[in-house]
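Student: Chain by chain, the residues run as shown.
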Amino acid sequence: MGLDPLHLSSFRDDWMPQLQTAVSEVRATCTNQHGVLDKPAFVAGLGNRNIQDGYWEWDRKWDLLQNDLSKVFFAVECDGAAQALMVVDNSKYVCRHDDHSGSGLIYIEFVAVAPWNRGALVTDPTYGGLGKVLVGTAVSLSIEEEFAGRIGLHSLPQSEGFYTNGCGMTDFGPDAGKEGLNYFEMTETQATVFLGDE
Amino acid sequence: MTKRTMSLTLPAREMDALEQLSDQKGISKSAVIRQALRLYQSIDLRLESGDKLFFEDPTSKEKSEIFVL
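Protein sequences, first through last, are from chains A and B.
In case it helps, the numbering used here puts the first sequence at residues 1 to 198.
In case it helps, the numbering used here puts the second sequence at residues 1001 to 1069.
The hints are simulated quantities; they were obtained by calculation from the structure and are not laboratory data.
A couple of the hints might just be wrong.
[Stated by the list, open to error] With a straight-line cut-off of 30 Å between C-alpha atoms, the simulated DSS-like cross-links for lysine-lysine are:
#, chain 1, residue 1, chain 2, residue 2
1, B, K1029, B, K1003
2, A, K92, B, K1063
3, A, K178, A, K92
4, A, K92, B, K1052
5, A, K71, B, K1052
6, A, K61, A, K39
7, A, K71, B, K1029
8, A, K132, A, K71
9, B, K1063, A, K71
10, B, K1029, B, K1061
11, B, K1063, A, K178
12, A, K61, B, K1052
13, B, K1061, A, K61
The shape of chain B in the complex, shown without the other chains (with noise of 0.2 Å):
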């Protein structure tokens, strides 16, 4: 498979999250990344679908609608 290369500038704040994420999921940063550019895309397919999308508390089975830019 063919690979590019870029470089990306993170607030600090914004640094320390993908560290955390990195850390808690075993994974690499660069592996972070990519799974959060692959959940991006198949939310954004979704809402341009017309469906919503929801998170639902498992106690009360509330659910919040969020919105994704």
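One chain only, chain A, in its complex shape (with noise of 0.2 Å):
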């Protein structure tokens, strides 16, 4: 729990790079001869290569973020590099499933592999699975919260299948407050289920 300088050091020097080339090689393929950026091919662009996180400033994060209680962080470690990295909130957010309407849950901020684990970025990704262990990542935490393994998040279109099909969790569909992304929400025998199937 929580990051430390080899995982600020691994986004910095290995994710950024792959990324940001990642993300110039999308845009140079949605600009015209004249310049101008094709926004909505943009955005598919980098959702195509499974980067629409691209932009996402990890570092910047935990700066602002480490001493506020209500956010937790964790990485996942492994041949000297953080492999995956996820901070949730613990105390902002309450659920909008019928089930348990306004009972607390853990909220899934970020969360993002690094981009040699994405197979739409990578011919052979190094690991797998890691969504779906930072996802129970945050059912444990939710249980160790005493929200019986509730959570939820807002999720780039990119990963909206993972979240459904992968997870198991209730699409509410987009949400206006949150630039229309789709908010998903895990209920507790959902909870069951995904720690059961893991």
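Assembly of the complex is requested from the two constituent chains, each provided in isolation within its own frame, with the hints serving as guidance.
Tutor: The following block contains the structure:
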């Protein structure tokens, strides 16, 4: 729990160059001869390569939020590098699902795996299943916080299928308050099923 | 995560309030206190940055400023 200098340097020195290169490649294919960017095509292109998070600055998030009691950071570390990162909120969000309306949950603010672990970005990802590992970590924290496994999040478009089909979460559809991102929630029952499958 | 333990003495009415919140929220008294601490820190940070804290009546839209120690 928490990020250390290894995780931060891994993000800056290993993740960022690969992500920035990939974002630049997509941008180049979506920019016309007059230098005008086709924004919808650019967003779709980022999604196709699973890099819609390419502008997330994990080191800046850590600088701003490391002392905030309501934020908890996690890193999956292996082979001397950060293989995946996540930050959750443990106090500011409540359930929307009818089964637990108004009850507390763990809200996943940001979650991402290293670029070399993304099948849409590299031919042969180094590690798989890291998304589920971190979702499982959020569920475990939810149980520890007495939220009985309930979690929630807003998904990047590229990841919606993962949360619905891979994690069994309920899709509440676009949330106008979060730039139209779809909101997902895992109920206590869904959390039990999820942990049973892991 | 490293944890440390403290004992807490409360006046009866505050303990009653804590127990009521615990029952209402369906979480332990310790969890209520931890949530309260997070909320207090969050509010304190915003106030220190110059923000103000208000409640708003949903019907009249009237705002009441909240002052925090």
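Student: Confirm or reject each hint.
Tutor: Evaluation of the provided hints:
For a cut-off of 30 Å, the pair hint linking K1029 of chain B to K1003 of chain B stands: about 16 Å separates their Cα positions. Taking the CA atoms of K92 of chain A and K1063 of chain B, the gap is about 21 Å. The hint holds against a cut of 30 Å. The suggested pairing of K178 of chain A with K92 of chain A holds, with an alpha-carbon distance near 15 Å, which does not exceed 30 Å. At roughly 18 Å between alpha-carbon atoms, K92 of chain A and K1052 of chain B fall within 30 Å of each other, so this suggested pair holds.
Between K71 of chain A and K1052 of chain B the CA atoms are separated by roughly 22 Å; this keeps the pair inside 30 Å, and the hint holds. Proposed proximity of K61 of chain A and K39 of chain A is supported: the alpha carbons are some 26 Å apart, at most 30 Å. The suggested pairing of K71 of chain A with K1029 of chain B holds, with an alpha-carbon distance near 21 Å, which does not exceed 30 Å. Taking the CA atoms of K132 of chain A and K71 of chain A, the gap is about 20 Å. The hint holds against a cut of 30 Å.
Restraint check for K1063 of chain B and K71 of chain A: satisfied, since their Cα atoms lie roughly 29 Å apart, inside the 30 Å limit. Distance hint between K1029 of chain B and K1061 of chain B is unfulfilled; the C-alpha atoms sit about 33 Å from each other, more than 30 Å. Between K1063 of chain B and K178 of chain A the alpha-carbon distance is near 25 Å, which keeps this suggested pair within the 30 Å criterion. As the CA atoms of K61 of chain A and K1052 of chain B are separated by approximately 24 Å, the hinted pair is consistent with the 30 Å bound.
A distance of roughly 34 Å separates the Cα atoms of K1061 of chain B and K61 of chain A; the hinted pair therefore is violated under the 30 Å criterion.
Checked against the numbered hints above, the structure violates hints 10, 13; every other hint is satisfied.
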